[in-house]
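J.: Sequence:
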Amino acid sequence: MECYEEQLQCDAQFLCSNQRMSTELVDSLVLQLNRIYPQILSDKEACKFRSLRVPTTERLRELLQYLHEKGDDACYEFYRALHLQAEDVYFSLPTRVRQREITDSRSAINVAVVPERYVLNDRGPIFFLSCFSVAVGIAFLYYYGEGQRLRCTEAFFHCSAVRLGKDAKDVFVSYVEVGKQK
1 MECYEEQLQC DAQFLCSNQR MSTELVDSLV LQLNRIYPQI LSDKEACKFR SLRVPTTERL
61 RELLQYLHEK GDDACYEFYR ALHLQAEDVY FSLPTRVRQR EITDSRSAIN VAVVPERYVL
121 NDRGPIFFLS CFSVAVGIAF LYYYGEGQRL RCTEAFFHCS AVRLGKDAKD VFVSYVEVGK
181 QK
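Here the sequence shown is numbered in my numbering, starting from 1 and rising by one per residue.
It is possible that some hints are incorrect.
[To be verified] Here are the computed distance ranges between Cβ atoms for each label pair:
| hint | residue 1 | residue 2 | range |
| --- | --- | --- | --- |
| 1 | Q13 | R123 | 53 to 59 Å |
| 2 | R123 | Q9 | 52 to 58 Å |
| 3 | K48 | G71 | 14 to 20 Å |
Worth flagging that the hints you see were computed from the coordinates, not collected in a lab.
Just so you know, these numbers come straight off a predicted model, no measurement behind them.
Backbone N, C-alpha and C fix where the C-beta goes; we use that ideal spot for every residue, glycine too.
With the sequences and hints as input, model every part of the structure.
T.: Next comes the structure, spelled out in structure tokens:
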């Protein structure tokens, strides 16, 4: 992000060539900077920048140069005053337009990424239902085998326990072992 001095340097040509920067607007900006921030713009300097003998574009160019020399805080306060006095001019500044475009492109990228974050797999509901059906079928065979359990189910449950956590694996394997003893 650019500092306000650099932004003001980029926007200076646009501000000086823009017909929307009327004499009244320049005067109100000078007055606001003088009244609210006298350390930025003293009374003597404010009178100089409000002189009607000098053309408005020349006064504005001198004001912008003066604020640029004063530093980043002075430039920030100018932007703040411009935002309060003339929003349409403020939002049409080249640096503001560029910031909006960057923000819009970032939000468009973020919007495109967000839905993909919640996709667990791309196989669909049929795959889930088939896996669930296999698991339910094996469970029915294991629990309701009426003494004739299939030997392959025990091996399947031992292999299934491999992916479980240590505590869950111990409980699962011990339950299968108890089932063998019956």
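J.: Each of the hints needs a verdict: does it hold here or not?
T.: To see whether the hints hold, each was checked on the structure:
1. Q13 - R123: 53 to 59 Å: About 58 Å separates the Cβ atoms of Q13 and R123, which means 53 to 59 Å holds.
2. R123 - Q9: 52 to 58 Å: holds (56 Å)
3. K48 - G71: 14 to 20 Å: holds (19 Å)
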